[in-house]
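Those sequence lines, one after another, are chains A and B. Positions 7 to 120 (my numbering) are the ones given, in order, by the first sequence. Positions 200 to 316 (my numbering) are the ones given, in order, by the second sequence.
If you are wondering where the hints come from, they were derived from the structure by calculation, not from laboratory data. None of the values given here were measured: they were computed from a predicted structure. Errors might be hidden in some of the hints.
The calculated BS3-like cross-link candidates involving lysine-lysine, where the alpha carbons are at most 27 Å apart (straight line), are [to be verified]:
(1) B:K213 with A:K48
(2) A:K48 with B:K256
(3) A:K77 with A:K63
(4) A:K64 with A:K77
(5) A:K74 with A:K63
(6) B:K256 with B:K208
(7) A:K63 with A:K48
(8) A:K48 with B:K270
(9) A:K74 with A:K28
(10) A:K48 with B:K208
(11) B:K256 with A:K77
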Amino acid sequence: GENVEQHPSTLSVQEGDSAVIKCTYSDSASNYFPWYKQELGKRPQLIIDIRSNVGEKKDQRIAVTLNKTAKHFSLHITETQPEDSAVYFCAASFFSGSARQLTFGSGTQLTVLP
Amino acid sequence: NAGVTQTPKFQVLKTGQSMTLQCAQDMNHNSMYWYRQDPGMGLRLIYYSASEGTTDKGEVPNGYNVSRLNKREFSLRLESAAPSQTSVYFCASSERPTGGNSNQPQHFGDGTRLSIL
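Construct the entire structure; sequences and hints are all you get.
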């Protein structure tokens, strides 16, 4: 199956600074890479995703980059705000059984300091 | 639309008791999933149903069974609960199986917090 490693496990930044979270994956056939944000006690919510035929995708202050050769992808948050504080999970799709599934990284606790 | 609805939100069980976690979605999605979330371990797939009438094991299926009752509903059953099954359980759905030739993000419910004593 797929293995997804996520770093760092915790990240503290000053408000207004940028934050970068990195993930690596093992299955070269993976073709879909979503990022989820989970606030304390809440459900994971999709914030951005990227497919393997695209190298970068942006949505306002959030961007994701993908390096297929190196099998890693990263989440970039610019101009961080206190409401960005949450746990962020990366994931990669892989085929097993009857359909594609997602394997999640172990999460990054982002704290934005005012 | 409510999206993905899970019941109950909280539950405490004794070791050996059985329980069924319920999940329903109103987005007309074909695929549904059950995950467990433990501290420091992210989300791990227990079982999934790519379409109505099919179910498959995920990464951690031992001790669980599932039923895809219809297109809307996908339940998770613990036949004989063990303390190791204490966790937060999330149900998710997607229009079609995630990945492949089109973007099919998964949408999550609010979770069921399950404690087994």
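Each hint, compared with the structure:
Our distance criterion of 27 Å between C-alpha atoms is met by K213 of chain B and K48 of chain A, whose separation comes to about 26 Å. Restraint check: the Cα-Cα separation between K48 of chain A and K256 of chain B comes to about 26 Å, which is no more than 27 Å; the hinted pair holds. Distance check on the hinted pair: K77 of chain A and K63 of chain A sit about 16 Å apart at the alpha-carbon level, within 27 Å; holds. Straight-line distance between C-alpha atoms of K64 of chain A and K77 of chain A comes to about 19 Å, which keeps the hinted pair within the 27 Å bound.
For the proposed pair K74 of chain A and K63 of chain A, the alpha carbon gap of about 14 Å is at most 27 Å, so the pair holds. Restraint check: the Cα-Cα separation between K256 of chain B and K208 of chain B comes to about 24 Å, which is no more than 27 Å; the hinted pair holds. The straight-line distance between the Cα atoms of K63 of chain A and K48 of chain A is roughly 26 Å, inside the 27 Å bound, and the hint therefore holds. Note on K48 of chain A and K270 of chain B: the hinted pairing holds, with a Cα-Cα distance of about 25 Å set against a maximum of 27 Å.
In summary, the hint linking K74 of chain A to K28 of chain A is supported, as the alpha carbons are separated by about 14 Å, within the 27 Å threshold. A C-alpha spacing of about 11 Å is found between K48 of chain A and K208 of chain B, which places the hinted pair at or below 27 Å, so the restraint holds. A distance of roughly 26 Å separates the Cα atoms of K256 of chain B and K77 of chain A; the hinted pair therefore holds under the 27 Å criterion.
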